[in-house]
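Here are the chains, one letter per residue:
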Amino acid sequence: MKQLMSGNEAIARGAWEAGVLFAAGYPGTPSTEVLEALSTYHDVDAQWSTNEKVAFDECIGAALGGARSMVTMKHVGLNVAADPFMVFPYGGTNAGFVALVADDPGMYSSQNEQDSRYFAKIAKVPLLEPSDAREAHEFVKFAFELSERFETPVMFRTTTRLAHTRSVVESAERMDAPRRPFSRKISQYAIPVYARFRRPELEDKLNRLREFAEEYPGNVVEEGSRDIGIVTHGIPYQYVKEVAPGASVFKLGMIYPLPKRRLEQFCARFEMVFVVEESEGFIEQEMASFGILNVIGKERFTNIGELSADLVAQGLNSTSVPSDFAAQTTILPRPPVLCPGCSHRGVLGALKELGVLVTGDIGCYTLGCLPPYEAMHTTFCMGASIGNATGFNKAGEERVVGLIGDSTFLHSGLPSLLSAVYNQVPTTTILLDNGTTGMTGHQQHPGTGSTLKERPAPRVNYENLIQSLGVEHVAVVDPWDPEATAAAIKSGLDHPGPAVIIARRSCRLLPEEKAKDKVPYQVEELNCIQCEDCMATGCPALVWEGDTPHIREWECAGCAMCAYLCPVDAICQVEVSVDANH
Amino acid sequence: MPITNVLVAGVGGQGVVLASELLALAAIGAGHDAKQGEFHGVAQRGGSVFSHVRFGDRVFSPTTRRGEVDFLLALEKLEALRYAHFVREDGMILVNDHEVEPIRTADTRPYPKGAVAFLKSKGFAVRTIKATEIAVELGNHRAANTVMLGALAEQLDIPDEIWDKTLEGRIPEGLLELNRKAFAMGRERGR
Ligand SMILES: Cc1ncc(C[n+]2csc(CCOP(=O)(O)OP(=O)(O)O)c2C)c(N)n1
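These protein sequence lines map, in sequence, to chains A and B.
The opening position of the first sequence corresponds to residue 1 in the numbering used here, with each subsequent residue numbered one higher.
The opening position of the second sequence corresponds to residue 1001 in the numbering used here, with each subsequent residue numbered one higher.
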């Protein structure tokens, strides 16, 4: 059946058709929808794990145990899972094992721009990369075959454009992939003990994969002009076909290892060959290592940001790209904002008021680095806040707060908190318990009481958990109460040892929260003194109209953060405002 | 058939993605190859969202080139200005007569006046449609995207029954009648 599918849906469909039995991952744009789509198939056991390394280890176990398995993550997730990723190939897999890794050129929703293709080379595993949803669907099925044929994990790389573009996919039925019995060959799977023996085997396997790349039909030459030769892959292939329809194109489907002989033959036919690839010059560098040097690559196609048909045309023909009308009219930016009623607002407001140094983490609350709050001073990667706070303390900063979301805390904050306790570092951690993984679109985690398959699950008890680590000062506060929140943070900072403040209130966008009755607020224009203090909430429900603020009732969540900031009590609940006593 | 290039733009929460997905589905229903893909930042709400839809015999690039877009479907006026440079010289801009004030944290300049006049002065064929107003009258401001899609449908060669089947296949039952009406109103205003 022909269907319109995103790259991510097509990958899930392909994996299902390949008979995948177990899938695990941790959310991260643009990979998230693969696992979400897989979870809708009743015969796939799909789950969110606490982090990418855990998911990876679980999938190793499942694949060794004989079930075709898939682990999903965004590029930075592979950094977290790099340890098993590098060691698993020494053992090799039993049933098919595919690691889906989604890169984000252009950093639409990521903290860095990382070309994960290099990981495949370090780990010595084959890397496949499709160029649209149809190919993604086909390639992922092949990835499982390749994995079993060579007993190797296969890395499947996508990018944001591939993941989120919908195109036509022809789906098929699910194949039967019976469990493959595990044989207890300790000498193959107990790597630290037998790594020396496995090491030459790994090299031998890579050589066999190199041979395979020469015949793999996903590496294909599309004959065209005798004058223009282009080597490309993935999404850039589509741009090439768009702007240079007549060129001869060597399209690579397997990016590592590359088909050396075929590339040599192709490139020998042209005076110069363009290598069009997104992000770094990975293919170009590999080709250089083969001695193929008649290449024009990164000097014409930037390694910063996402490529486009325009940029590829510019690189091939030196054409120019039209720019927008910002110089001729006002094109105002729409910066990302916290939603109306966001529970993070109360904490960020209190931190701004206290003026303490805040090491941050990754999640919706990262917006606390931007105006109007600018209350968070560092953010690097998931789980970093608590360790960074400890470090600042070691450098002599006495009052430091680590700010971390609930999903992030369970992902990688926990070991850092334990380290702070163990070393008795007097930092204060604020755990933002909004009951969901907000930023990536509301995924379940061990603190939500439900699983990816929407089955009930035990809900982690943060207070008990944190106390059991040895934290003596644990307090819970409602962030919609700004005074109590500020007081709780202060008491944490005053405590001589590590302290944890749990700011607990559900994300306003959760369906159960949206369903609740709310009493919106309004600005009483007669009392308003136009001081703009309320605008410091950066709330999208609060807009400036003419010369007074105005609350869009249908958007207002009734959190009263703006009312709290109003020096003349001109912001009141709608019902109350009708009351003559007020 | 040559490729038709459409850019749909709006503010997060306005239904840019749904409108463009419906367009791609209808194009496929009419026997074309199609690709559709959206761009958005990290915010759940209030950010600028845009989505490319390309359809025809065989579509390669998932995104349109600047200066190549045949139709810009803007669900908001500032967003029409933001993406107008993608439109080809004699291309058409269909714009919802609706303003969503951006949050005033980064740039405090006032909302630009005269967006439509500016776009006309650049030589584009501009059609203004009171889509949000119509949607509110129909009982749900969120249906403005479907009103705009109806207005665009008037410019395209996709038969009515395919549009209808597309809406039926993609819109949840409870909202189907509203969206059918919104679509029909848009078609009428787009004439
Ligand atoms: C290693 C890694 N995995 C995944 C992501 C993607 N990601 C960004 S923020 C986030 C979770 C945020 O959830 P939480 O900490 O609960 O904060 P909230 O967004 O709900 O405020 C995730 C999964 C990432 N940036 N890094």
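Simulated from the structure, these hints should not be mistaken for lab results.
Quantities reported herein were computed from a predicted structural model and do not represent experimental measurements.
Please note: incorrect hints may appear among the correct ones.
[Unchecked claim] Just so you have them, the derived chain B footprint on chain A, three or more residues with Cβ under 8 Å:
# : segment
1 : 178-190
2 : 302-314
3 : 330-337
4 : 412-419
5 : 533-544
In this text, a Cβ means the ideal position worked out from N, Cα and C, and glycines have one as well.
Here is how each hint holds up against the structure:
1. 178-190: violated (count 0)
2. 302-314: holds (count 4)
3. 330-337: With 8 residues closer than 8 Å to chain B, the segment 330-337 of chain A meets the three-residue bar; holds.
4. 412-419: Coverage by chain B is violated here, the residue count being 0 at a Cβ distance below 8 Å.
5. 533-544: holds (count 5)
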